[in-house]
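Participant: Got chain A sorted already, so can you dock chain B onto it with the hints?
Chains A and B, in that order, give the protein sequences. According to the numbering used here, the stretch in the first sequence is residues 2 to 308, in order. According to the numbering used here, the stretch in the second sequence is residues 2 to 308, in order.
Take every hint as true, because none was put in to throw you off.
Derived CB-CB ranges, DEER-like:
{"hint": "1", "chain 1": "B", "residue 1": "K58", "chain 2": "A", "residue 2": "K179", "range": "37 to 45 Å"}
{"hint": "2", "chain 1": "A", "residue 1": "Q257", "chain 2": "B", "residue 2": "V177", "range": "31 to 39 Å"}
{"hint": "3", "chain 1": "B", "residue 1": "L54", "chain 2": "A", "residue 2": "A184", "range": "26 to 34 Å"}
{"hint": "4", "chain 1": "B", "residue 1": "H73", "chain 2": "A", "residue 2": "G178", "range": "51 to 59 Å"}
{"hint": "5", "chain 1": "B", "residue 1": "H73", "chain 2": "A", "residue 2": "S76", "range": "37 to 45 Å"}
What the hints contain is simulated information worked out from the structure, not anything from laboratory work. Think of the CB as a built atom: it goes at the ideal place given N, C-alpha and C, for glycine as much as any other residue.
Protein chains: 2
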Amino acid sequence: MTGSVVAQSLARPDFNGWMRDIQQRTERALDRFLPPADREPGRLHAAMRYAVLGGGKRVRPLLAFAAGELTHAPSAAVERVAVAIELIHAYSLVHDDLPCMDDDVLRRGRPTCHVEFDEATAMLAGDALQSEAMLVVAGEPLVADAARNAELLRIFATACGSRGMAGGQAIDLGAVGKTLDAAGLERMHGMKTGALIRAAILLGAGCGEPLAPPLAAGLGRYADAIGLAFQVVDDILDVEASSAELGKTAGKDARQNKPTYVSALGLDAAKAQARRLHAESREAIAFAGERGRRLAEMADFIMLRKN
Amino acid sequence: MTGSVVAQSLARPDFNGWMRDIQQRTERALDRFLPPADREPGRLHAAMRYAVLGGGKRVRPLLAFAAGELTHAPSAAVERVAVAIELIHAYSLVHDDLPCMDDDVLRRGRPTCHVEFDEATAMLAGDALQSEAMLVVAGEPLVADAARNAELLRIFATACGSRGMAGGQAIDLGAVGKTLDAAGLERMHGMKTGALIRAAILLGAGCGEPLAPPLAAGLGRYADAIGLAFQVVDDILDVEASSAELGKTAGKDARQNKPTYVSALGLDAAKAQARRLHAESREAIAFAGERGRRLAEMADFIMLRKN
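Here chain A stands alone, though its shape is the one from the complex (with noise of 0.2 Å):
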């Protein structure tokens, strides 16, 4: 989409093998994180499974990872981060799926979990991962200092709830067929994807040595326009995609008469806007130098995904 702006740093032939490997080390941990499907009741366990593995970008654990280095962070704090947020998003899809909410049938090329199984045991997949995300991310300190470990889990928990992605859908939710304006499209996705997005990379890099306070703040504003830029080119992709490039139905948002930005700004202001978010993160993590790397290149990686 933005090919030209980014081309340079996605040419690195390494970022590839980075990505590849952290996507393969995610997926093993969701794996072993979670209960097996032969353990009772098994139904359930097969539901979240189902759920989790075996799809998704997992670019929620890429920027926890990407974090990670910019503080080097230990991997296995970094890790159990990383499989938390990616828990509560795949709850956040199963639960966003159901008949009472978007009422979709098609997610990462298979059936939604209420369809697979049915829609008692999707709500309860999703309720239980968000328990599981919990137990992951709680149950060791993340880091040694007890007041530090507390304000990584109230960032955690903060980005979950009703002042995050639980509050975000239930703006959406209460948007359909309205009109909001590009300041209140911001506020919802804020919260809705924004939250969790920014919790994957406050707390990637939480887990390593403290950051002085301006560059703590240097990647609070990578974070906020990262997330945002994710969901305006999400917005753009639900448009100029298809369903079998997405693996998720395409063209829902206009049919079900969500505000997007690309209704409240039109097609080609929403992609100058994602380039700006995409300038604007870059230039927020410049601080860092090498050490932040993974994160501009991420940053080049989220504007240019074709799904």
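Facilitator: Just chain B now, with coordinates in the frame of chain A:
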């Protein structure tokens, strides 16, 4: 029901005063921790508050505070445990009442959350209540020792998820129309209601001085017996009490063809089982003497409750 056994401890006038104090304190704390209904998203916050405030016996908070007396736990920490456990309990009721689960319209003498609001809002309110519970219990250390704090959070998260409450609901769902023997019922209820009751007790006590292993084992036996006793009494009340007394739909277990202690054992044997569990819980906590008085009284209260 088994008044003669336990009348002496409930005759102590101060139990009712203590109970009222804890209930009021819990209510105030829940009100304080929950986001106000005038903060966006207002409808979601209103639904969360509707589901939590102004009702309920607060049995789990009472147990947490009673257990806290055993170990001289600071009441501010116990209060956070009590609030977190009650938020989880409230969320589970909201999701349990949804059309895809038990499809119930009456709870605590009022319309259920999805009837008062709508299904999507009720689902999101439940989701956000779980996040809020995590924020309350993990957003500040409960105890200074980081490893012990993480252990308490591990007990909490495990009690909520697929190996605890959500898993028990899934087994319950799969058991409709089937026959479960007493052992199967015990396994299901040990997860569905027992795990959270156990967590209230272990975390309430865990906020204070560590217990020596044999005393911790006694507390664990108390928690298991009282969790099960609670459910057996629930099953008996579902048969014997009216909807008005219960504040929820009476007789629905039988109508929904759910296996209960009454259907598995018969009414008289279920009552004998409740008495046995009551005696077991009192015996398990006997080691504690005066410090275990509130826990002993709570065992009596759970036996004698009428709703």
